[in-house]
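Listed in order, the protein sequences are those of chains A and B.
The first sequence maps to residues 223 to 549 in the working numbering.
The second sequence maps to residues 23 to 394 in the working numbering.
No wet-lab data here; the hints were simulated from the structure.
The beta carbon of each residue, even a glycine, is placed where N, CA and C say it ideally should be.
There's no promise every hint is true.
Here are some, though not all, of the chain B residues that point toward chain A, as calculated from beta-carbon distances under 10 Å [said to hold, decoys possible]: (1) I129; (2) V134; (3) M154; (4) T174; (5) T367.
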Amino acid sequence: MSEVTYLEAISQAIREEMRRDEAVFLLGEDVGLYGGAFKVSAGFLEEFGPERVIDTPMSEAAIIGSAVGAALMGMRPIAEMQFIDFIASGFDQIINMASKMYWRAGMPVPMVIRGPSGGGTKGGPFHSASPEAWFFHTPGIKVVVPATTYDAKGLLKAAVRDNNPVLYLEHKLLYRMPELREELPEEDYVVPLGKAIIRREGEDMTILTYGAMVHQSLRAAQTLEEEDDLEVEVLDLRSLTPLDREAILESVKRTNKVLIVHEDTLTGGIGAELAAILAEDLFEYLDGPITRVAAPDAPFPYAPPLEAAYLPNEEKILTAARQLAAY
Amino acid sequence: MGSGREREDLLRIYYFMRLTRAMEDRTRTLFLQGRVVGGVYTAQGHEATTVGAAMMLGEGDFIVPQHRDLGMHLVGGTSPRAVMCQWLARGNSPTLGRDGQLHIGDIHHGIVPSISMLGESLPVACGIGLTMKMRKRSTLVLASCGDGAANTGPFHEALNFASVQTLPIVFVIENNGYAYSTPNNIEFAIENLSDRAHAYGMPGETVDGNDVIGVMKAVRRAVEHVRSGKGPALVECKTFRVRGHSEADKAEYVPKELLEEWLKKDPIKRFEQYLTEEGILTGARRTEIEEKVKATVDDAVRFAEQSPAPHPETVTDYVFAPDGPIAIIGEPGAEDPRYVNALDTRTGKPFTTISGAQAIALNTVPEEVGRR
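Turn these sequences into a full structure, and let the hints guide you.
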């Protein structure tokens, strides 16, 4: 058993789920003949045929809407957005069709929408999105954001087996990152939706984060230990909906200081809701201001110096963490 | 004049057209009495299209109706009680009072619930069609929309995708002249919306949507095309919305002469005249049908009025479906209660949209009664 990349873990998850359950199928732009823009589905067409690996026209509403229709029929479609930015073209199907269906009509819509999200790849304003807040705000859809190779596979399998619409946001910067190569269990496993995980234990502060920012946060935590003698806990949320409130509260009750880190923009982001939860539930436990590190409230830029200025990184986390520690 | 069975089929069509009209008339009364809390959207004048099109379906076929398609719903088996419970926002309505109008369905009986974003149901119809194709079924989907929705992106995406994938879908456009207050001539710059079918490589024809026999014949041609495995087909039924967009809309923007012209073409009156001339609809049969229609509507309203309002504390329940196995709809054992989608798991009971009593389908259109 060899080590695999984050991208290979995603590919394995889809392939194994399609082998396990004939109701599972994949549809999206260039997913068949071409094997997907990032080659997640390379070889799938040969194995599963064109009825289960469907090359679609450039029609996000048709892709997501067809997934909704098939899911109503009891199938378990996986709809790929070639870049997650394009999900905006299929927004109505998610917001008004899929997410409200069970609540109003009692009919489950077991489907996954997945695609490459996030920046750092010089993708510019239309190939770098972190769209989680739009859907985090929408009742009726689950949102998961894997940070590791193990989770990429386990969360995707859990998403496919879930009976609700699940938005699975993979981070394209992590796809082939050598440090994330990992040997995965040979047996079938899932990472349950709604369970956060402590990536690093600490008593001085909690960093709440998810996705690619888990790795920036871990690096910052390491530096803080080495240079500042601070023990920083890093909690990887993994699922945004359902949110593991228990794990969040448990950690912050112990550390009494909290730094929230996400790649998405600041205002109305996930961090805003986390801050509200903490202010409401743990007011008396907090020994410092709830602090956020996020992208500024501007669209995602293209040029390298702009992108570097825009993205949260270890430096920005260190600065915020040191201020909070000194409070 | 046709065989006895054909005569009975025609009378059933007439019954559904009358029931549709009577249900809507009563809904309007309830609205004027302040008993319907939200907007009311009716479709007087559409009955030939909605009833006629749905009559062409068979076992295992699906309808994907829109907000004005009560006729399609009733033919498909939607219970008048369920419809009235929806309008009156009852806690036992198919949506448990969470949604109104005709946004109801039962996937086990081939009815897909619609939403207010018109046109968005058509991609969903593609997903139903894709499933039928993957599961090697010979069934099809009847998906409708109005002239307004024909200008949305999802309409065009769905037609194109259905055609590329050779999906078993009959698209029906109910062109009723107006999208709210916007007349056809500033909605699109073509004579017939069925021309759009050709752009996507499928047959399309335009028919008089107020002629039920003509609608049935055109939809049957489309159904035959789809069942032969050649992919989707489209029928545009030209009709007219003789009332406002909703009951709150007086529709003063509609020229009086135009309205009067279409009122003269009322599909029910036309069919009635035909049936009477042919000696199919006798005075006694007419009385019998009217009594049945009235009893059905009365029963539905009474049932809805006696039904409970939803409990306020249930408002946040059932946002997510529970875990468990999911059946592929329409396959043996799919209604086994162990499946999460077999019953309405919100209530643990069967879905309430379908009464079971009405679901009928005609597989023939009597050829010789085509003249008008």
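| With 10 Å as the cut and Cβ atoms as the points, is B:T174 at the interface with chain A? | 9 Å, holds
| said: Does B:V134 hold up as a contact with chain A if the rule is Cβ-Cβ below 10 Å? | reply: 7 Å, holds
| message | The hint names B:T367 as touching chain A; please verify it with the least Cβ-Cβ distance against 10 Å. | response | 7 Å, holds
| said: Under 10 Å is the threshold here; is the Cβ of B:I129 close enough to any Cβ of chain A for the hint to stand? | reply: 5 Å, holds
| Taking 10 Å as the limit, does the beta-carbon of B:M154 come near enough to a beta-carbon in chain A? | Since chain A brings a Cβ to about 8 Å from B:M154, closer than 10 Å, the hint holds.
Violation of the numbered hints given earlier is absent; every hint is satisfied by the structure.
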